[in-house]
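Chains F and U supply the protein sequences, listed in that same order. When the letters of the first sequence are read in order and numbered with the numbering used here, they come out as residues 1 to 430. When the letters of the second sequence are read in order and numbered with the numbering used here, they come out as residues 1 to 430.
Derived by calculation from the structure, the hints in this document are not laboratory data. As the structure is a computational prediction, the values presented were derived from the model and not from experiment. Glycine residues also receive a C-beta, built at the ideal position from the N, C-alpha and C atoms. Hints are supplied without guarantee of correctness; some may be wrong.
What the hints assert, rightly or not - Facing chain F, according to a computed beta carbon distance under 8 Å, are these residues of chain U, among others:
1. 50
2. 138
3. 150
4. 301
5. 318
6. 330
7. 334
8. 337
What the hints assert, rightly or not - Away from chain U, derived, C-beta distances all over 12 Å, residues of chain F:
9. 56
10. 73
11. 340
Protein chains: 2
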Amino acid sequence: MAEALRIAVAGLGTVGAGVVKLINARAAEMTARTGRMVTITTVSARDRNRDRGIDVSGYAWVDDARDIADRDDVDVVVELIGGSEGVAKDLVEASLRAGKSVVTANKALIAIHGNELAKLAEENGVALAYEAAVAGGIPIIKALREGLAGNAVSRVSGILNGTCNYILTEMRETGRDFAGVLADAQALGYAEADPTFDVDGIDAAHKLAIMAAIAFKRPVDFDGVSTEGIRKLSSVDIEFARELDYRIKLLGVAELNDGAVLQTVRPCMVSRDAPIAKVESVTNAVVVEGDFVGQTILEGPGAGEGPTASSVASDIIDIAAGRNCPVFGVRADALQPLPAQAPESLFGRYYIRWIVKDQAGVIAEISSVLRDHRISIESLLQRGDSDVGTVPLVIITHGVVEADVRNAVAEISDLDCVVVDAQVIRIVEN
Amino acid sequence: MAEALRIAVAGLGTVGAGVVKLINARAAEMTARTGRMVTITTVSARDRNRDRGIDVSGYAWVDDARDIADRDDVDVVVELIGGSEGVAKDLVEASLRAGKSVVTANKALIAIHGNELAKLAEENGVALAYEAAVAGGIPIIKALREGLAGNAVSRVSGILNGTCNYILTEMRETGRDFAGVLADAQALGYAEADPTFDVDGIDAAHKLAIMAAIAFKRPVDFDGVSTEGIRKLSSVDIEFARELDYRIKLLGVAELNDGAVLQTVRPCMVSRDAPIAKVESVTNAVVVEGDFVGQTILEGPGAGEGPTASSVASDIIDIAAGRNCPVFGVRADALQPLPAQAPESLFGRYYIRWIVKDQAGVIAEISSVLRDHRISIESLLQRGDSDVGTVPLVIITHGVVEADVRNAVAEISDLDCVVVDAQVIRIVEN
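Isolated chain F (complex conformation) (with noise of 0.2 Å):
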């Protein structure tokens, strides 16, 4: 049998502890499927004595996880330590350098450092994975770098924040407001204490950027993701997308349309009929369109500690068995970095929603400036509700350019009628 191959796991919070947790238990059925042993060897973390339901007195304890890259021990680091900088980064990087392996589960590292570290590991002659990255326990990066390798892939979207999902579930369930879900998502843990991650989209635009990548074959762009989040959702918007059989998801969705590619993280309207509606709560999903294979979808736990370190061992035992994959499924100069399309210039189907005053005269001073920005309209509602002296009202667009609408709604927000701007939201057909 081969030697065996030497963890380290840097990092041991919740996905840490579950990582430990997993090779313990599969450490026969790991040599069977490799060939070879697996086993930790070193971990790291910043408190020794902090108590994590996991044994880890047999192995040798670094406190600067930067160390374990110098360490003859150690054939693959395993990097849960998370950030874009840091010991996070200087720890993968090193690691590279001494020729070591590295499995992370570190979205924002890959994202935004993916080009250089992806150069590195090859010039090094080893593995950089991170399955653990994007949609926590879906297998979305082996799907996209070698189960779907033989499309040319069109356009990658999803479900990527389970914590959006969860809030947005929840807004649309009961009713509430923003503020009130976020409050108690933290209180379940759903949510982090700082959610600005999650709830802005930037953990979403992390995940894309990379999915993106793999998709189109060129440079990950993590700068070129233009992304909103979820905060400025109101409950009106739930309900009047419910009234017209949408629900508004946080989606990623990359696209190479005409050689360019597009990359955004927003709040959509999805029609309720799609599959990508029905997957509610903390539950992330991906749609992959490829030329040959049409549409694929897959969906599952987008984060936590059992599927991430699912995640991490499948990383491990693909290394164990000695199956390389070019980072982002082509060698690193192979990637081929292609202009990037601006949400301005796409063509589409809008919600937009105002707040104005409940008088007369104000569809007709609204529409006129839409008609003079050629956004023609499909359906227009309008609430009554004029014991506060101001009611939503809301279009529905035909195909338009989103420029049109964002000039349309500038010039509509110097209007004495409107007493809250615009909420645009975007109509995802499919």
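Mind docking chain U on chain F? Use the hints.
What follows is chain U alone, placed relative to chain F:
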């Protein structure tokens, strides 16, 4: 660069033509992915002169596919002939023996001869890959063998036959009976002229047996699948299911229960809100339950030229890239036989529907037999359309043992009041 990987395509039906198209369309990209040229050298089919929409003049033509095994200009044989015996089996065996890797879409061959073929592939140090054999374009084999390999899988289930799912969807949407919908499906090309393999559940059983082998790491056991098709389903059952907020789906279910493996393919009632209930028409879906990952669902096109070619290409790319995985996830000699669980021992809720005479005392008579067999009744529906003198009678049971249901139903079939024997459908809770 490494030497070119030379492919022979045996069988040039729709799928074979699709594979040729894909390999030609993606030649440069496959090289970027694998570091090797991938090139077709040889093709084989029955009729050389048929127009297939592809130019095969540049390839060596072989009349008897079996001769491919001996050719020096072939590294990988793509077997798309089909059938568990005859030419397909001869070709695959001879190719593996000759040290050639094999990629196949042949579910019958793998389900019935997979164990011997896996050993043969291992003895000869070559790959036997069959992503296209299960669920068309969905990369479920890779997900089970690699992407979810860290998990102890407790259950694999799904909609594995697009023809049946199409027929059931149509029956529900139109209210028509099986025979009429089947005839339409045949006219549309969604069902074969001889639909036996599809509508009797055999095709789904092949796929289930293959997935169960990987999931539970034991030899593939097609004979151990308890199989029932959809011919006996009546529009009456479809309608009752709808009233009860269920959908009837032909489900393949493989479970590991107390160390024994259950394998069933049969119509099941699934809650209208379950993800699997929303999979309609020719789409396939597979649900995997693992101890670390939880529930993951993969959904997509289950058949057809493009999806099947996509999966064949994925296998070819793996072989070209030198990524090897044991045929069923672990080496053939590490597959451990496990006892089979008979469906009779299952516990659960059941839908039972009779057509009975529309007369007094029928319910008392039937419910008394049910009571004698420990079948407790959760609800009972009777339709009062007595013009014809007979009515459907439906029982939903509480949790009961399936053997008790069968015994009770056998006894009830002898009662004078029963006009049409019981239709028994298991209710699947998730």
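Taking the hints in turn, this is what the structure says about them:
With 8 Å as the threshold, the beta carbon of residue 50 of chain U stays out of range of chain F, its nearest partner Cβ sitting at about 22 Å, so the hint is violated. Residue-level restraint check for residue 138 of chain U holds (minimum Cβ-Cβ distance to chain F is 6 Å; threshold 8 Å). The interface hint given for residue 150 of chain U is met, as the beta carbon of that residue sits about 3 Å from the closest beta carbon of chain F, less than 8 Å. Given hint, residue 301 of chain U at the interface with chain F, holds; its Cβ is 5 Å from that chain's nearest Cβ, closer than 8 Å.
The beta carbon of residue 318 of chain U is positioned within 8 Å of a beta carbon in chain F (closest approach about 6 Å), and the interface hint is therefore held. For residue 330 of chain U, the shortest C-beta to C-beta distance to chain F is roughly 4 Å, which falls under 8 Å, so the interface hint holds. A distance limit of 8 Å between C-beta atoms decides the matter here; for residue 334 of chain U the minimum to chain F is near 4 Å, and the interface restraint holds. Below 8 Å, beta-carbon pairs count as interface contacts, and residue 337 of chain U has none with chain F, the closest being about 15 Å; its hint is therefore violated.
Remark: the non-interface label on residue 56 of chain F is consistent with the geometry, its nearest Cβ contact in chain U lying 19 Å away (cut-off 12 Å). The non-interface label for residue 73 of chain F is consistent with chain U: the shortest C-beta to C-beta separation is roughly 23 Å, beyond 12 Å. A cut-off of 12 Å between C-beta atoms confirms that residue 340 of chain F is not in contact with chain U; the least separation is 22 Å.
Checked against the numbered hints listed earlier, the structure breaks hints 1 and 8; every other hint is satisfied.
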